[in-house]
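So the sequences go chain by chain: F and P.
Start counting the first sequence at 1; every next residue gets the next number (our numbering).
Start counting the second sequence at 237; every next residue gets the next number (our numbering).
Keep in mind that the hints were calculated from the coordinates and are not lab data.
Any given hint could be a false lead.
Stated by the list, open to error - One-sided excerpt, in silico: chain F residues whose CB lies under 7 Å from chain P:
1) Gly56
2) Lys60
3) Ile77
4) Arg78
5) Cys79
6) Gln83
7) His84
8) Thr207
9) Thr208
10) Gln218
Said to hold, decoys possible - Residues of chain F clear of chain P, computed beta-carbon distances all greater than 12 Å:
11) Arg19
12) Pro46
13) Ser73
14) Ala80
15) Glu81
16) Ile100
17) Ile137
18) Glu167
19) Glu215
As the list claims (entries may be wrong) - Here are the computed lysine to any residue pairs in the SDA-like style, where the Cα-Cα straight-line distance is at most 20 Å:
20) P:Lys666 with P:Asn617
21) P:Lys333 with F:Pro227
22) P:Lys333 with F:Lys172
23) P:Lys666 with P:Pro712
24) P:Lys753 with P:Glu823
25) P:Lys387 with P:Gln530
26) P:Lys633 with P:Glu534
27) P:Lys860 with P:Asn617
28) F:Lys172 with F:Gln184
29) P:Lys333 with F:Leu146
30) F:Lys194 with P:Gly314
31) P:Lys860 with P:Lys753
32) P:Lys795 with P:Ile771
33) P:Lys582 with P:Gln530
Here a beta-carbon is modelled for each residue, glycine too, at the ideal position from N, C-alpha and C.
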Amino acid sequence: MAIDKNTPLDWAKEFEQLRQNSRNEFLRSFYKRGMVSGSTPIADIPLVALDFETTGLNSKHDDIVSIGLVPFSTHRIRCAEAQHWIVKPRRTLDEQSIVIHQITHSDIDDAPDLHEILSDLLDAIAGQVVVVHYRHIEREFLFQALMRRIGEGIRFPVIDTMALEQEALQRKRGILARLLNQPQPSMRLPDCRKRYGLPPYQLHHATTDAIATAELLQAQLAYHYPPDAPVRQLWC
Amino acid sequence: MQAEQLEIASFLQQHPPFSELPEQTLNDLAQHIEISYYRAGRDILQFREPIHDLYVVRAGAVETFRRTGELYNRLGEGGIFGHMGLMLNHRVRFPVKALEDSLVYCIPVAYFNDLCERFDSFADYFETEDKTLLRHAVSEQAESNDLTTVKVSSLITRDLVTCAPHTTIREAAKQMTEQSVSLLLVTQSVQQPSAENNDASNIAGILTDRDIRSRVMAEGLDFDVAVGEVMSENLVTLDDNAYIFEAMLSMLRFNVHHLPIMRRGRCIGVISMSDILRHESQSSILLTRGIFAQQTTEALRHYAQQLPAVFVRMVNEDANSHMIGSAMSVIGRSFKQRLLELAEEKYGPPPIPYSFLALGSMARDEQLIVTDQDNAIILHNDFVEAQHGHYFENIAKFVSDGLAECGYPYCSGNIMATNAEYRLTLDQWKMQFSDWIEAPNPKALLNSCIFFDLDSVWGEQRMAETLRQFVAEKAPKHHAFLASMARNALNRTPPLGFFKEFVLEQDGKHRQSINLKRRGTAPLTDAIRVHALAIGSMSQNSFERIEDIKQAGLLPPGKAQDLSDALEYLSIVRARHQALAIESGEEADNNVQPDMLSSFERRNLKEAFRVLDNAQNFLKFRYKASVRI
Numbered sequence: 001m002a003i004d005k006n007t008p009l010d011w012a013k014e015f016e017q018l019r020q021n022s023r024n025e026f027l028r029s030f031y032k033r034g035m036v037s038g039s040t041p042i043a044d045i046p047l048v049a050l051d052f053e054t055t056g057l058n059s060k061h062d063d064i065v066s067i068g069l070v071p072f073s074t075h076r077i078r079c080a081e082a083q084h085w086i087v088k089p090r091r092t093l094d095e096q097s098i099v100i101h102q103i104t105h106s107d108i109d110d111a112p113d114l115h116e117i118l119s120d121l122l123d124a125i126a127g128q129v130v131v132v133h134y135r136h137i138e139r140e141f142l143f144q145a146l147m148r149r150i151g152e153g154i155r156f157p158v159i160d161t162m163a164l165e166q167e168a169l170q171r172k173r174g175i176l177a178r179l180l181n182q183p184q185p186s187m188r189l190p191d192c193r194k195r196y197g198l199p200p201y202q203l204h205h206a207t208t209d210a211i212a213t214a215e216l217l218q219a220q221l222a223y224h225y226p227p228d229a230p231v232r233q234l235w236c
Numbered sequence: 237m238q239a240e241q242l243e244i245a246s247f248l249q250q251h252p253p254f255s256e257l258p259e260q261t262l263n264d265l266a267q268h269i270e271i272s273y274y275r276a277g278r279d280i281l282q283f284r285e286p287i288h289d290l291y292v293v294r295a296g297a298v299e300t301f302r303r304t305g306e307l308y309n310r311l312g313e314g315g316i317f318g319h320m321g322l323m324l325n326h327r328v329r330f331p332v333k334a335l336e337d338s339l340v341y342c343i344p345v346a347y348f349n350d351l352c353e354r355f356d357s358f359a360d361y362f363e364t365e366d367k368t369l370l371r372h373a374v375s376e377q378a379e380s381n382d383l384t385t386v387k388v389s390s391l392i393t394r395d396l397v398t399c400a401p402h403t404t405i406r407e408a409a410k411q412m413t414e415q416s417v418s419l420l421l422v423t424q425s426v427q428q429p430s431a432e433n434n435d436a437s438n439i440a441g442i443l444t445d446r447d448i449r450s451r452v453m454a455e456g457l458d459f460d461v462a463v464g465e466v467m468s469e470n471l472v473t474l475d476d477n478a479y480i481f482e483a484m485l486s487m488l489r490f491n492v493h494h495l496p497i498m499r500r501g502r503c504i505g506v507i508s509m510s511d512i513l514r515h516e517s518q519s520s521i522l523l524t525r526g527i528f529a530q531q532t533t534e535a536l537r538h539y540a541q542q543l544p545a546v547f548v549r550m551v552n553e554d555a556n557s558h559m560i561g562s563a564m565s566v567i568g569r570s571f572k573q574r575l576l577e578l579a580e581e582k583y584g585p586p587p588i589p590y591s592f593l594a595l596g597s598m599a600r601d602e603q604l605i606v607t608d609q610d611n612a613i614i615l616h617n618d619f620v621e622a623q624h625g626h627y628f629e630n631i632a633k634f635v636s637d638g639l640a641e642c643g644y645p646y647c648s649g650n651i652m653a654t655n656a657e658y659r660l661t662l663d664q665w666k667m668q669f670s671d672w673i674e675a676p677n678p679k680a681l682l683n684s685c686i687f688f689d690l691d692s693v694w695g696e697q698r699m700a701e702t703l704r705q706f707v708a709e710k711a712p713k714h715h716a717f718l719a720s721m722a723r724n725a726l727n728r729t730p731p732l733g734f735f736k737e738f739v740l741e742q743d744g745k746h747r748q749s750i751n752l753k754r755r756g757t758a759p760l761t762d763a764i765r766v767h768a769l770a771i772g773s774m775s776q777n778s779f780e781r782i783e784d785i786k787q788a789g790l791l792p793p794g795k796a797q798d799l800s801d802a803l804e805y806l807s808i809v810r811a812r813h814q815a816l817a818i819e820s821g822e823e824a825d826n827n828v829q830p831d832m833l834s835s836f837e838r839r840n841l842k843e844a845f846r847v848l849d850n851a852q853n854f855l856k857f858r859y860k861a862s863v864r865i
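So here's chain P without its partners, still in its complex pose (with noise of 0.2 Å):
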């Protein structure tokens, strides 16, 4: 016989948003609880562990903080914490502690979930009332992410030490000892860098330790050979605004070890792999290392095999979907220029400058786990079929086959370079995209939009980068082009019914399930595109589009934010739906179950159809109105 908690429910009928439960829900929820006592100063909640209980505060009082150890709040007898770990990835997104003596009520979460799904007003008191949902899931999630909200600045705790060019390694080496430094910033200017007026930013080169040691000791050089000999030179830099999630993205990407930090032209430090490896261990950036550490396809194929798990701990690590998506294309970048590095060996260095193109989701910085791969070559004008033509196709077949070995499957659609239609010179392509621009047919372009998304991963970038213009220019000028592209993008549907309730895919192995993909992310995605194109905007990645179109005016206020609010939400729950699958062993996909989703994240996820759902509705608006065809 079950007993009933008296003491319990008249407690918590106290308290808010209990008191609003009927009496009967208020006895059975009594009879659910569990009850722990913590000495003042023990750890209740700790960052990051996994969470299954709501928190009430039966007696005492306890501290919540934020994960900077800051403190957040002060809770006493009726206070509630541990929701927000709830509602977003049930791990502790504030840390509590007992600031005294305290006795916690602990509510389950199914019970809890059960509660918000039965009582409106009870869900209500989660949701703060100055944010929409989606904005504030959005949000505490980015809160909860270093990489993405501390500045590149905050890790420069060295002084910058400068020598000039033409000092000899010796007497660098001496001062790199003084200074107790492991690297010095070459500036051209002898004068030594004061506060108000400084030559600095003259930067000519960085020297490191290792520098000393690989080229001048290991290589035999006399010690007296000048600095400006054997330091690295052509340095990539980086604002002192920008965050270190992107400085990570910049080192990768240019597989450099070191970025001058720059304040208005004046460099103000340098920072190092290791600063960041020491902020936070991204095992991204030591998978990107080892990538290109391997000597062939098979050990490539080989060490392919850990992506699955890096990709499963940076969604655990609760990144977000710009930092996982940009992550996992620089990897899969990685891939391709170390296939095109060993191609390049086995048959030889290129006859003609070219670049080799990613397509889609990668070109966007958009990547989950392990997609098609998508790619296509821009060869020099130079090209002459009987001469190269045969180079190329070896080189493409033999990048393509890698991937495929390294686990990207081949394009199901033969958008590949290896393909001779996507191998084309700069002025082919140009032609090819004048044609689709100017005489734009729905259906031809259906196939082609993800050439619209493009970037250059290998050999000459300008080429790309000369293409990306073009298409910038020509595009907002042509409406019966925007118009078509606008009609493809709205034919895949938010999965939203009449009544905003889900509309579940009917048949087939997915039944009951939403395509997260399908039905959100790349509609969302494609919306957006057409956006960017209209506006002539050069960016790729979807989030530094919908900043674009923010800039640009094109959309009503605050629409801007919905859209990125939405393709975040919806991509960080496929990302974590993927992981999930193969944590457990099984293979990953798109198709997401509400029942399996709290009744938080279902409301979310509503929300972020409902955001695509007018952002579809403003495109017929915007493109078709104007539209003569």
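Here chain F stands alone, though its shape is the one from the complex (with noise of 0.2 Å):
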């Protein structure tokens, strides 16, 4: 796994310091439900695939516009326990991004800012490993969300679909691919979604994605995991 610079080794240990350090209660509540040990199975383990739609791609500027999940395991993805929030982002739309996640400025007049859906938001995954595609969106933009918001970031640790595809793909490609330095494949959700013979979706809808997402590690970790793999091998 490509290992962030700075993940830490024990998670669990890590959420309980964060818990110590944290001044809002959400969070502190968030970090108290826990974090398993690196050493639980994958197939034991709570997870929930998240997606966001924003406003851009710099999580410095751009900000959250809705927010989707479904918890599910190893066996199921549970589509009555999905989530979908539209929220008020505290930035402009533009229309680039509204062709996008067809979200538009009516939808977005009556939605409630982040902070008020917070406590719902941080309960729906907390005590679960969250799984993304490509990690630098979610995780960072709920850091900065926050950050703007109550002057605090958030950290978790995530299973990141697009990394471990890359690995994956990386363990196939040949020598000779690498040495003559042939052009990577495609890492978007929907290209490797096919690889695993899972069906196109109609995408950019945040639950869609969450569940595409969800789909696309169960796929994963069939193809190239036991179901006794630890989640250290699987999360950053």
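Two chains, each in its own frame: build the complex with the hints.
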């Protein structure tokens, strides 16, 4: 697993530390729900796929527009427990992003601020391992969005299906291909899904994307990992 | 805030039977789906494991199999599987494997049932077009069980090795070793049997490894003794068309371990108990064998505590009601037989021949979990009260008390051999039956209809046979008798209202429930008995009686099959209900609450009750119209 610079070795311990240092009650109760030990087999772990639609790609300037999540396990994706929110970004929507996620000005006019749904959101992901496709969006956007609102960021482990895919392809790619530096196949969610026979979806709706990500992880696990693979091999 | 699942809803909308559902329902359904990914080659559903969802193939392809491993169906995008399991016993009928990498949608059973309930078009989709629902349910049930569908001939794997009765044990043992068999068929003829012409039909007996050990070596006999001296004789044989299940019953009933299998009078092989046990672990066989090993009533009582567990296992193994009924009856018989053996040890051998009878459900081979003991004795005509009366009173009391200890309660109507009225000589019984048949009194017959299902469990089998013959000859000629029996058979009606809805018990402990025995199996069995008597059938089992009735052409075409399906369905639901109660530590009864059943089970039940209703109408027409009392 490509390890981020500041990935802690022990997320369970890290959560305890974060709880003690946090001044925000939502965050404290989020950290209090704890984190599984890195040696837990992936088949035993409660997972939650998370997806944001945003006003743009820069977490420092852009903000979250909608959030979709769906809890799952390696066995089942539970749509009945899926959740979706539209939130009002603290930055104007530009036409370009509207084209992508189709959430319009009128949709967000009556939407709450992220701060208002924060406790629900954190409650929905606490105690579970978050799964995303391309961790730099969800983790960093949530970090920055909280910084702006409560002056404090948030940290948690994620399983990144894009990183898993890169790693799997890297292993599969012959030395020759690497030496010749042949271009890497696409890492976009629909292209990754296609490699596992997963159907094309109408993407860029946060819930659908979350489900699409959950399905991709189930497929990747079925292909590349035994059911008792410890989660530390997967998260970062 | 619950999330809309437009992607899932729009997929479902393109595939029947979901395409028939209103948009709002589809959206709601989509929000309750679970998703699962299976790599090519992986098992999705394994035979008999519990199943809780209906499956829809979202992407990829799957294959469904019969339990024999034979491919049943191949399903692609939009294909549906798992409904058979959901509709019948909530266990997987057809195992499923992913043929390609597959994504499947899972619809929880409660949601599936709800859709069937609310949308007829949706429910109809799951019924095949050419069969009635009941036929379908019953035949699916039968298909899933090997013991009732596989012929005994399939168990014959070894070549038959024969020898002559004058062969010495030494030669026989050598032959068995050389051919590596554990059993020799002893034939009268010396000729080697050939395919076209052989004399193997002249079976003299069989000799097994075990016979050599226990009858020759343990007895210190000379190895030059002739095989004919030590072989087992008077063999029970079976036709090669019989089902494995029938072989099992024969072995249990006659307490033998080997059955020569005959084809057109020629023995084609011998199957052993272990062949059957290997074929399917049948705990009932083991239980029966154990009964005969118990030395006292107390030991039997202790042993009998396993009975409920054996019953539950049979139900869960998807045995059909005929199998369960027969196995439970055989077990009940075995208890009686062992108790009679013990009684004869205690009071000495019988001074005159007699036959101990089972009556009612045990005689019909239709017992479920523990029912009352109903029994009687036929005494030889040489019976002298002063001389023999005391002996049979003792025997009857010993057996009856023993049965009560083993969990078969005393008969509340006092129809037991302990009652002197039911210890009669063969001639007295004939007079009694003549009386019932020739001068019928519906009220008196109500209590004695149980005697029209009788079978010998111990002693002189021929006496019971004689009595059955007597009844079979007399009954068809006496219309007033048949009319009275028919009238009694109408006393208990199926619980269906005018608009075909269930009519539930309104008072007592079992409010809002249906008594499946009183309102279902019992009146149906009664109706079948009347027809059986009318055609002089000697069969006691209801399914066999139906077969006889069909042969006799008494019913309009198709009606006999309906009766059989309805009886099977009512019986199996009753058995499952009882098994479920036992499993959850409750007392087993016959009261089923329709609310607790799936919509499919409810529809099947209604269908079965409708068959009973028709059968009763037919009884009125067939026997009352021509009555001259």
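| said: Holds or violated: P:Lys666 and P:Pro712, Cα atoms, limit 20 Å. | reply: holds, 16 Å
| With a cut-off of 7 Å, does the beta carbon of F:Gly56 approach a beta carbon of chain P closely enough for the hint to hold? | violated, 24 Å
| Taking the minimum C-beta separation from F:Glu81 to chain P, is that value above 12 Å? | Answer for F:Glu81: violated, closest chain P Cβ roughly 9 Å.
| task | With a cut-off of 20 Å on the C-alpha distance, tell me whether P:Lys860 and P:Lys753 pass. | result | Cα-Cα ~25 Å, so violated.
| task | For the hint on F:Lys60, just tell me whether its beta-carbon gets within less than 7 Å of chain P. | result | Violated: closest Cβ of chain P sits about 28 Å from F:Lys60, beyond 7 Å.
| query | Given F:Cys79 was flagged as interface, is its beta-carbon under 7 Å from a beta-carbon of chain P? | reply | With a closest approach of 5 Å, the F:Cys79 hint holds.
| query | Would the least Cβ to Cβ distance between F:Ala80 and chain P come out above 12 Å? | reply | Incorrect as stated: the minimum Cβ-Cβ distance to chain P is 5 Å, not above 12 Å.
| field | 20 Å Cα cutoff - pair P:Lys633, P:Glu534 | value | Roughly 15 Å separates the two Cα atoms, so the pair holds.
| Satisfaction of the F:Ile77 interface hint, Cβ to chain P closer than 7 Å | Cβ of F:Ile77 sits 4 Å from chain P, so the hint holds.
| query | When you check the alpha-carbon spacing of P:Lys795 and P:Ile771, does it fall within 20 Å? | reply | Judged against 20 Å, a Cα distance of about 16 Å means the pair holds.
| task | Take a quick look at F:Glu215 and tell me if its Cβ sits farther than 12 Å from every Cβ on chain P, holds or violated. | result | violated, 6 Å
| task | Take a quick look at whether P:Lys753 and P:Glu823 sit within 20 Å of each other, Cα to Cα. | result | Roughly 16 Å separates the two Cα atoms, so the pair holds.
Of the hints listed earlier, those the structure fails to meet are numbers 1, 2, 13, 14, 15, 19, 22, 25, 27, 29 and 31, in rising order.
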